[in-house]
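Quick note, the sequences are listed as chains A and B, same order. Residue numbering for the first sequence follows the working numbering, beginning at 1 and increasing consecutively. Residue numbering for the second sequence follows the working numbering, beginning at 1 and increasing consecutively.
It should be emphasised that the hints constitute simulated quantities derived from the structure, not laboratory data. Cβ atoms here follow ideal geometry from the backbone N, Cα and C, with glycine treated the same way. Don't take every hint at face value.
Unchecked claim - Derived PhoX-like pairs (lysine-lysine); straight-line CA-CA distance at most 25 Å:
#, chain 1, residue 1, chain 2, residue 2
1, B, Lys-89, B, Lys-172
2, B, Lys-25, A, Lys-323
3, A, Lys-96, B, Lys-115
To be verified - Example chain A residues on the side facing chain B (calculated, C-beta under 10 Å, incomplete):
#, residue
4, Arg-44
5, Cys-114
6, His-239
7, Gln-241
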Amino acid sequence: MTQAVKTPVYLDYHATTPVDPRVFEAMQRYFCAEFGNAASSEHRFGWVAESAVKQARQRIASLIGAQRVAEIIFTSGATESNNLAILGAMRANAHKGDHLISVVTEHKAVLDPCHWWRQQGGRVTLLPVAEDGLIDLAALEAAIDERTVLISVMAANNEIGVLQDIAAIGALAKQRGVLFHSDAAQAAGKIPLDMEAMGLDLCSFSAHKFYGPKGVGALYVRRRNPRVRLAPLLFGGGHEQGLRSGTLNVPGIVGMAEALALAVAEMDEEAARLTALRERLWRHLAAGLEDLTLNGHKTKRLPGNLHVSVADVEPEKLLTAVKDLALSSRSACTSASQEPSHVMAALGLDEQRLQAAVRFGLGRFTSEAEVDYAAARMVSMVAQLRRENTVAQHS
Amino acid sequence: MIYFDNNATTAVTPAVFDAMLPFLKEQYGNPSSIHQLGNQARVAVEQARGRVAKAIGARSSEITFCASGTEAGNFAIAAALQQAKLAGKLNADSNIVITAIEHPAVKAAAAWFGKLYDVTVRVVPMHFDNGAVSPAPFADAIDANTLLVSVMLANNESGLILPVAEIAALAKSVGALVYCDGVQALGKVPVDVKKLGVDMFSLSAHKFHGPKGIGALFCKRGLKLPAMLHGGSQESGRRAGTENTPGIVGMGVAAERAAACDTVVIAALRDTFEQGLRERLGDKIHVNFADLPRTPNISSVQFKGADGNLLLIMMDQQGLCASTGSACSSGSLSVSPVLLAMGLREAEAKGTIRFSLSRLTTRDEVDRALDAVVAALK
Ligand SMILES: Cc1ncc(COP(=O)(O)O)c(C=O)c1O
Ligand SMILES: Cc1ncc(COP(=O)(O)O)c(C=O)c1O
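So that you can see chain A by itself, here it is in the shape it has in the complex:
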């Protein structure tokens, strides 16, 4: 048996991440002491808040390769950013077209605005993916027509961790004069992102996915070549250049910038560490379990993501059985559902693999001991459940 670890072992880093203590340290003073409203331009409390926001905006802009500080719009999270990007771009460009292209494996925070757009009379093409989770660029190109306004393709998938070729899609979008949005909620801070080099026009971020606080996110909105026009979702005081009214969440914004700075600074080292841990986890599982398959592309995936199908067990049963592991089989916001996830369903796998999915999300505070513990627990639990199955079938 492995050495003792503190349980439950958190292996759900895709759902959310803990706030890094260094991030907490940076944001702490903006709650009780420097509590000013960043829009209060008439006194010191306001100035302090405003300058904290300004600094955060500058940091984020430079960390993601944005050319202009004004290209960062703060929001409440990636869900809001995605809604603003997709519905905002479609509404503001209605004179140019009505067509939007996305992918079947997107997060619901992209798919639902797409469905909403379709309900409003717009046209939506959802591209399929191959068994490895990747889209076909030729199919994307073929889907573009004269009235296509926007392409939205996520950088990293939240279930199977698959990384799409964002730079290639960006180049294609540029060449065809179509706007390009990417939901980078899972990618930011984990893989390199460069708005300019990747040809992104719009990009969504969420702090709580990279060790920042919940309730804050950002949308990158390109200002030149081309200048992206958006219709806001929220109207009011005209904050964020009129694109997103509402009092700014100063501590959250400060925390988000700090979190992204840390994640980017430590990215290479952390990616190598997580990749090694993930491979270790896979080796242990594969050695202990028969009928184990990996879902999603072997190498083009988030370092901290391992997604497997374990034949002959029900994932819900398995997850309840291993209470000492905080795991999930799918995206948190649909975790109450019993159906196979839409991501898994899109991979064209057989029923077995669809039913038996388990997502391991490894992160900054995951240790080797935890990985070993998790693997051992999974192996013994699966074996037990399979024995029970056989007994049940024979009796």
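Position chain B with the ligands against the provided structure of chain A, taking the given hints into account.
Only chain B with the ligands this time, still in chain A's reference frame:
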């Protein structure tokens, strides 16, 4: 520094901060996750929902968390119009009625969504008789084609408390929905959404010593409204997005304390402040709206012949923070449309400064603030 700009935003209190702390640290689960950490977060969110509901006399299921008062207001207006459209209720005479002193979040949302749905926005002027808001202009504006009436409970610039229940009754008599912007009300006046008779009511935590980035909308039971943010089944499908657990927990505690707060103490401090100004500055000043029902924490003061913006700079140098009006539009040098709508002349509005106290304000701060004002005027 003395902070007399609590209508712009307030400090998070230590009790609220302490309640949030575990959720910024070890209890970091996603409330939608089905494991133990997720469950803990979900329980905390539901407990906070109960607290917010109780603070305004609502049921838990009637509370939807969102990211700000602005979002709550936009949601209320957009959802009411969307619903009217889906129900086939829109016609050439469809209108929504708002007061002339609504916050920009309501005014701008009404203008945008009104245009989007081709619905007229009727702006009701403020008339006063016998020291109260006259309902007559509302009765004139509201008709059988009114879909929504938006009336705030407490005004952010003047502190005026509006007769929401009376106006809501007028709206109900023609079957219109009522949205009440309650952002400036909680912690300053008693709030009971049932007694007010409103269908929707908004809150923003940072106005009552909760954190920024979290708000809520009360939606009366039975009211079926379309979602505004799409993309997840959080908040019963009304508002997608991972829940801001620390923010929600902080808001719950802040709402509970705000509802229990003794406003008599704040009113007494405010009165002391105003009395002091009168004693020291005589007829160089005039306290606006003192004969109207107003929130206990606010003092809107005219400095005759002065330029409010310049005066604020001088006050800041004396260690006193106040403002000319709504934080959202501060910095813009034009005269506040709200003050004009409240009946002030342009020159009067220009020389007006808003002092807004809170339950953290002390007697010592009031005394020092008086000194600061006098020094700034020299
Ligand atoms: C890929 C992806 N997009 C969007 C979201 C939603 O982000 P948020 O939680 O900030 O609303 C998530 C996570 O929930 C996600 O994984
Ligand atoms: C009356 C009123 N309504 C709405 C708002 C907007 O709320 P928030 O600051 O949460 O966006 C404010 C404050 O800015 C306000 O004073």
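Is the hint on His-239 (chain A) kept, meaning its closest Cβ partner in chain B is under 10 Å away?
His-239 (chain A) check passes; min Cβ-Cβ to chain B is 7 Å, inside 10 Å.
Taken at face value, is the distance from the CA of Lys-172 (chain B) to the CA of Lys-89 (chain B) at most 25 Å?
16 Å, holds
Does the nearest C-beta of chain B fall within a distance shorter than 10 Å of the C-beta of Arg-44 (chain A)?
6 Å, holds
Status of the Gln-241 (chain A) interface restraint (C-beta, 10 Å, chain B)
Cβ of Gln-241 (chain A) sits 13 Å from chain B, so the hint is violated.
Going straight from one Cα to the other, do Lys-25 (chain B) and Lys-323 (chain A) come out at no more than 25 Å?
OK: Lys-25 (chain B) and Lys-323 (chain A) at ~21 Å, within 25 Å.
Holds or violated: Lys-96 (chain A) to Lys-115 (chain B), with C-alpha atoms at most 25 Å apart
21 Å, holds
Hint check, Cys-114 (chain A) versus chain B [nearest Cβ-Cβ separation less than 10 Å]:
9 Å, holds
Checked against the numbered hints listed earlier, the structure breaks hint 7 alone; every other hint is satisfied.
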